[in-house]
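J.: From first to last, the protein sequence lines stand for chains A and B.
Heads up: take any position in the first sequence, counting from 1, add 33, and you land on the working numbering.
By the working numbering, the letter at position 314 of the second sequence is numbered 311, and the numbering carries on one by one without gaps.
No wet-lab data here; the hints were simulated from the structure.
Keep in mind it's a predicted model, so treat the numbers as computed, not measured.
Even for Gly, the Cβ is constructed at its ideal location relative to N, Cα and C.
Residues from chain B shown here face chain A by an in silico Cβ test under 8 Å; the list is partial:
#, residue
1, Arg251
2, Gly258
3, Phe272
4, Leu291
5, Ile295
6, Val298
7, Val343
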Amino acid sequence: MIRIYVGFLFIALLSVGILAKVVHTQLYEAHELIAQSDSTSIFSKTIVAERGNIYSADGKLLATSLPLFDVHIDFNADGLTDDVFTPRNVDSVAMLMSAKYHDKTAADYRAEFFKHHKKADTYFLLKRDISLADLNEMKTWPWFRLSRNKSGLIVETKEMRDHPFGDIALRTLGIDENHDGTYSSGLELKYDKDLTGEAVKKLYRKLSAGVAKPLDTKEESANSGKDIYTTLDINIQDVAEDALRKALTRHDAEHGCVILMEVKTGKIRAIANLGKRDSADYRELYNYAVGEATEPGSVMKLATVASLMEDKLVDKNTPVECGNGVLMIRGLTIKDHEAPESPQLTVQRAVEVSSNVAMAELAKDYYIAKPSQFYDHLKTFGFTQPVQIEIGGAARPVLADPKKWSGVSAPFIAHGYELQITPLHTLQFYNAIANNGVMVKPTLIEKIREYNQTVDSPGTVVLNDKLLSQGTVKQLQEILDGVVENGTAKNLKTTYLKIAGKTGTAVISNHGYKVNKKYQASFVGYFPADKPEYSMIIVVNSPGQGGYYGNVVAGEVFREVADKVYSLSLEMQPAVNNPAVTENDIPVIKNAAREDIARIYAMFGAQAPAGGDDWMMVGDDHSYVANDIKIDMVPDVKGMGLKDALYLLESHGLRVEFKGKGNVIGQSIDAGTKISKGQTITLQLS
Amino acid sequence: MKETVNKTFEYLRGDRIIWLVVIVLFVFSMLAVYSASSSLAFKNADGNSSHYLYKQILSALGGILLMYFAHMVDYRYFSRIAQILWIICVPLLLYTMFWGTSINHASRWIRLPLIGWTFQTSDLAKLAVIMLLARMLSKNQDKMDDFRKTVLPMLGVVLVPCMMIAKDNLSTALILFFTSVFILFIGRLAIKHLALLFAASAVVIGLFLAVLLLTPDSVLAHMGRMPTWKKRIQTHFINKEPNADDDYQQRQARTAIARGGILPNGPGNSMQKHFLPEAYSDFIFAIIIEEYGLIGGIFIVFIYLLLLYRCIRIVMDAPKAFGAFLAVGLGVSLVLQAMINMAVAVGLFPVTGVTLPLVSMGGSSVVFTSIAFGIILSVSRNIEASQEQEEELATA
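Just chain A, same shape as in the assembly:
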C-alpha cells in the first residue's frame, strides 16, 4: 500500500511544481513578458483625414477627393484552400476580369492565377486604380465574395483628386501631378495644410491575421480638411476659358491668359491659362497670369501718363510733339505703328492712338534727368514687387534700380519696355483706375470653411486707398473711354455695353528680338465704362496668324467675355420698368403652406393674408381660409404644387402616384377620408 502513496505523492509533487512555476512566472517574469508582448503586438496607425474640397464662389465643386483602390491577392491566405481555389472558380473570375477590363484574355488571367497560386505569392497585383463601384462589383464574384481571409483579396485605398469641371482653372487650383498626394502649384499647394486636415495616430492591438482592434475605445476620428471656397464664378470662368481657347486657336498662338476681377472687391471671378505644348489642343499648362513676367508694351502708357499727371507735369490736353512718328534717341530708333495724324497730339490723343514716340518724348523731357521720380511712381503702382495672391509662383517683376538706368531707360519704360511685369500687375493697376484710385488686393479666396462653419473669410484688402488723385483718375478714365470710342480699340465699341481699356502690342524677346519677331497682344480694361463692375486683362502670346494687334487678338476676347458676363449679370443692366405692385396684383395661390404664402407676399412688399393654420387655401369668395389638415384623414391637396402635395401626403403615410404636370387638379381619394397606412393615392396634375 505504501507504494500507492509514494505514487500519489510523486504526482502531487509534480502538480506543486507546475503551480510553483506559474507563481514564479507571475511574480518574476510577468513584467518583461507582457512588455515584450505589447511591443510586438501593439502598433500605431496614422489615420489620414479626408482632404478638403475646393469650391467655386457659388458652391460648385471644383476639386474633390475620390477613393481609388488597388487590389492584390494573397494566394497564401489561410482560408484560400483547394475548396475555394477550384478550377471552376478560377475560370469564372478569369472570365469576369477579362470581360470587365479587356486588358488580358481569360486564358491569360487563368494561367496567371495558377502560376502565382503555385508560387504561393502573397501580394499578386490583380488590378490598380479601380473605383468603388468596380470594387463592389468585384466583391460579388465567385471566391472574391468570401471573407477577406478566404478570398485573399487585399484592398488598398488611395485618394485621387477629381475635378468635376474638368480642366477649368486647373493651374490655379493646383495639380497632383504624380498622383501621390503632393501638389506642386496653385491653391492646393498654398492651402495644403488647411486642406489636409489633421492626421490622427491611433494605437491598435494586432489580433488574428489581418485583424486589429483599437486600444482606446474613445471615438477620435481625424480632423477632416477644411473646405476652400474660391472667388471663382464657374459660369464666368467657363465663358472666359472658352473665349480664350477660341482666340488662341484662331490665331494659332502659343499661349494666353484671362483674368477677370471684381472692381470693388478685388475678387477674381475667372482666371484661365491656356498653352500649347507639342499637341494641337490648348490646356492649362502654366499659370501665365500670375507667373509669367513679360514686357507689357503699350498698356504701360497709362502708367506713364498717370505718373506725369500725379507730378502735375501734364494734363490730358497737354500737347506733345511726335513729328513723323520716328524718334532717334542716343542711336536707338523708336517708331509708331503708323505715322501720327498730326505732328502734335494731346496727351489723351497720344494714348488713344498709342503713340510710342509721344510717350518717349514725354519721358525724355521730364524723367531722364530724374529717373527715381518715375521709378517711385512705378513702385507705388506695384510694378516692383510680386503681386500678393493666394497661390504660389507669383513672378517678381524686372525693373532696374533708377541709379542704373541708362539715358534711354525712361523713354523705353514709358512705352512698355525695359521692364517685365505679369498680367496680374497690369490688371491690379487698371483696376485701381476703375475703382476711382483705390487699389485693392486681388484675391482668390472667398472663405474657408470647416465642418460647415466659416473659419476665415479674408474679405477685401485695400492696398492703397489713394493711389491716384481724383483729378488724375477722372482724366485717365476719359482717356480709356477714348481708346475705345475713337482710338486703337474702336473695333470693340458697341451701343449696349460701354467698355474702357487699353490695347497693347508688344514685341517680345522670347525667340530673339530682331530675327523672328514675336508679339504679345493684350487688352486691359473695365466695364461698364461709366459704372465699372469688372476689370479684365487678356494676354495672347505669339499669335501666328490673323494679325497680332492687341485690339483684334486680345480685344475681341475681351469683348466676348464682357458681353457674356454682362448678359449674365442682371444687376448690371438698367431696369426696364419698375411699377409698384399692390396686393391685388399678386396671383391667387390656390393651396399652399402659410409660410410660403407669407414669403411671396413679403416679396411683393404686401401684407400677408390673415389666418392661423399651417396650410391655407382659397375659399369660394377668393379669400384665404385654413386648409384643415387632420392627422388621420386624407388632406385636400387640390390646387397645390406637386412638391407640397407629395410632402403632405407622404407625411401622412400615403404612397403617391401622379399623372401629368402642373398643379393638382384631382385626387383619387377624397379629402377627409380616413387613411389606412400604405394606401396609394393617385394625383391628376393639370
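Starting from the structure of chain A, add chain B where the hints point.
T.: Using the frame of chain A, we list chain B on its own:
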C-alpha cells in the same frame, strides 16, 4: 434541487465524485474552448465562434454517452477485451507506421474505413497496454519475483507498442512507457527489477541523446522526425534559441500566465489566445490561467488530483483485484497526461503535443479518454455493488 441531483445520479452508477470531475472538466472545456477557438473560428468558420463551441458540446455529450455505456459493462469483461485489443493494436500500429496519414512528417493517424473517422492509433495502444498490464499484474501478484515468467512478458507488452509508436511520436511513447513503469511500481514490481529497468532506460536514452546531438543536421534531415526532436531538446535544455517555434509557443503561453494574475479576469478576456498557436488544445491550461487566474489553475490541478485520489480509493477497497489495477492504471495514465500537459503549458517540460484530458478541444482523443473514464467508473460501480451485496449478506 438536491433531489433532482440525486435522481440524475440514480441512473449513473459508480463513483459520484468521478462523475463530478467529468462534469467540471467538461464545463471548463466549453468555456476555454469557446474563448480560445475564436481565432480559429475567424480562419475557418467565417468568424462564427459558436461553431467550435457546438462541436465541443457535441463531443462532450458523445463522451458522456460513451462513458455511460462503458461503465454499464461489467469490468471483468475488460480482462479478455484487453488481450484482444492488444493483439489488434500491434498490426494497426505497424499499419500506421507505414501507411498512416502524415502530419508534419509524423505518421500518427489512420482513417477508419467506411466511417471515415481518423484516430491516433497510439491512443488505442495506450488503452490496450494499460488494460493488459492490469490483467497480468492481477494474475501474477503471487509470483512478482519471477523475472522470466512475469516481468519479461509484461515488459514485452509495454515495449513492443512503445517502440512502434516512438518512431513518429516519441513523447507519447515515452509517456506510455513511463506510465507503465509507474503502474508496475504500484503493482509491486520488485525493487531490484525496477532499478534494473531504470538503469537500462537510462543507458538507452543516453545513447539515443548522444547519437541525436552528435549526428550532423544534414544527416538527420533524412531521418523522419529526428531533426524535430533535436530542435526541441536543444531549445528547451541547451541553448534557448529565441525564435524557435516551440519557444515562441511557450513564451506566448508564459505571457498568458503572466497576464492572468492571481484572481480571475473573466471568461473570454484572454489576449494571448490571438498569438498562441494551439491555444485551444495543447496550451489551453495557459489560457485558463489567463482568464481564471492562479485560482483557476489551482482548481484544475486539484480536480485531477481528486480524480487520482478517487482511483486510489478503489484500490484500497480491492487491493489485489484486476479491477483495482485497471482503475488505478487508467487513472494514473489520465492524470499523468494532464500533469505533463500542464507542465508543458507553464514551460516546465519541452513541447510534446499532449492534450489536457477532457478539456482540450479535439475529437478523437475524447473517445479514448471517455472510454478510460467509463472503465474506471465500471470498476467503481461493481465494487459498490459487491459492497452492497456484502452488506446485505452481513445484515441477513
